[in-house]
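Residue numbers are given in the working numbering: position 224 of the sequence shown equals residue 224, and the series is strictly consecutive.
No lab work stands behind these hints: they were computed from the structure. A virtual CB, placed ideally from N, CA and C, is assigned to each residue, including glycine. Hints are not guaranteed to be accurate.
Unchecked claim - Below, computed lysine-lysine pairings styled on DSBU-like, alpha-carbon distance capped at 30 Å:
1) Lys39 to Lys27
2) Lys193 to Lys205
3) Lys66 to Lys87
4) Lys147 to Lys210
What the hints assert, rightly or not - Taking CB as the label site, the calculated pair distances span:
5) Gln46 to Pro77: 22 to 28 Å
6) Arg217 to Trp33: 24 to 30 Å
7) Lys147 to Gln46: 32 to 38 Å
8) Glu137 to Tyr179: 15 to 21 Å
9) Lys193 to Arg217: 42 to 48 Å
10) Leu89 to Lys147: 50 to 56 Å
11) Tyr179 to Asp43: 21 to 27 Å
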Amino acid sequence: MSNDAYISRPIRPLKASTKSIDWRRYKEQLRAWKNERLKKTLDAEQAEEIEQQTTVSSNITSQSIKGRSYTLSIALPASILRNAQSKELRTYLAGQIGRAACVFNIDEIIVFDDDETNEEIDNNPFTASEQLIRLLEYLECPQYLRKQFFPRQKLLEYAGLLNPLDAPHHLRANEYWFYREGVTLPLKPAEGKGSWVDVGLYETKIQIDKRLQQGLRVTIQRTDITQEESLQTKELQSK
Numbered sequence: 001m002s003n004d005a006y007i008s009r010p011i012r013p014l015k016a017s018t019k020s021i022d023w024r025r026y027k028e029q030l031r032a033w034k035n036e037r038l039k040k041t042l043d044a045e046q047a048e049e050i051e052q053q054t055t056v057s058s059n060i061t062s063q064s065i066k067g068r069s070y071t072l073s074i075a076l077p078a079s080i081l082r083n084a085q086s087k088e089l090r091t092y093l094a095g096q097i098g099r100a101a102c103v104f105n106i107d108e109i110i111v112f113d114d115d116e117t118n119e120e121i122d123n124n125p126f127t128a129s130e131q132l133i134r135l136l137e138y139l140e141c142p143q144y145l146r147k148q149f150f151p152r153q154k155l156l157e158y159a160g161l162l163n164p165l166d167a168p169h170h171l172r173a174n175e176y177w178f179y180r181e182g183v184t185l186p187l188k189p190a191e192g193k194g195s196w197v198d199v200g201l202y203e204t205k206i207q208i209d210k211r212l213q214q215g216l217r218v219t220i221q222r223t224d225i226t227q228e229e230s231l232q233t234k235e236l237q238s239k
């Protein structure tokens, strides 16, 4: 179909017309006109979105991203979990705490034990403070690293109820990035120097220039600023 086809709306046949072929032809032309108009609208929106993404990625550099000159911390009593009536609700409550802390840009959560008895909850071999800390640590960790750092355990029995934080450092595989969380792998580079890091990019692994022990969580800094260039990284910041 030509791009110039059905630019204007088809003319509706006269009501007095009794020829069914005229109405059938009109309906076909009207359907084609609507499809063409919808296609052009979607193409225009897609082109505008691509242009905006290209402009943003070309204007933003790692040097222009500046952090705050301060950090923000909050302190929570471990007994807050005892207000929940079940294991599921305690897990969900910890998720709400993590979500609120993420929304308000909290850098640090301090959990203090205000329970003098320090009793176990629900006959489990752990205290409320231990469970709250572990749940918050689990929430903070990017989803693609959780299997590496959090094996199956009683503290995280209902972790599947937690909603994703979608925090800035919880990047998806198709997102453009300057910094990305990863874990060092036991693989050795062919040259014998540096380490390989899994940053959640499917089969793509990042090689760094420092030799580190395996299983260490690190933050990779990307030095290239174009999406077409290689993802090889020269700099690393370790947590």
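Now for the hints, and whether the structure bears them out:
Our distance criterion of 30 Å between C-alpha atoms is met by lysine 39 and lysine 27, whose separation comes to about 18 Å. Distance hint between lysine 193 and lysine 205 is fulfilled; the C-alpha atoms sit about 15 Å from each other, no more than 30 Å. A C-alpha spacing of about 40 Å is found between lysine 66 and lysine 87, which places the hinted pair above 30 Å, so the restraint is violated. At roughly 24 Å between alpha-carbon atoms, lysine 147 and lysine 210 fall within 30 Å of each other, so this suggested pair holds.
About 51 Å separates the C-beta atoms of glutamine 46 and proline 77, a value inconsistent with the hinted range of 22 to 28 Å. A beta carbon spacing of about 57 Å between arginine 217 and tryptophan 33 contradicts the range 24 to 30 Å that was offered as a hint. Against the hinted window of 32 to 38 Å, the Cβ-Cβ separation of lysine 147 and glutamine 46 comes to about 35 Å, which satisfies the hint. At about 20 Å, the CB distance of glutamate 137 to tyrosine 179 agrees with the hint of 15 to 21 Å.
A hinted range of 42 to 48 Å for the beta carbons of lysine 193 and arginine 217 is inconsistent with their spacing of about 21 Å. Here the CB-CB span from leucine 89 to lysine 147 is close to 26 Å, at odds with the stated 50 to 56 Å. A hinted range of 21 to 27 Å is violated for the C-beta pair tyrosine 179 and aspartate 43, which are about 34 Å apart.
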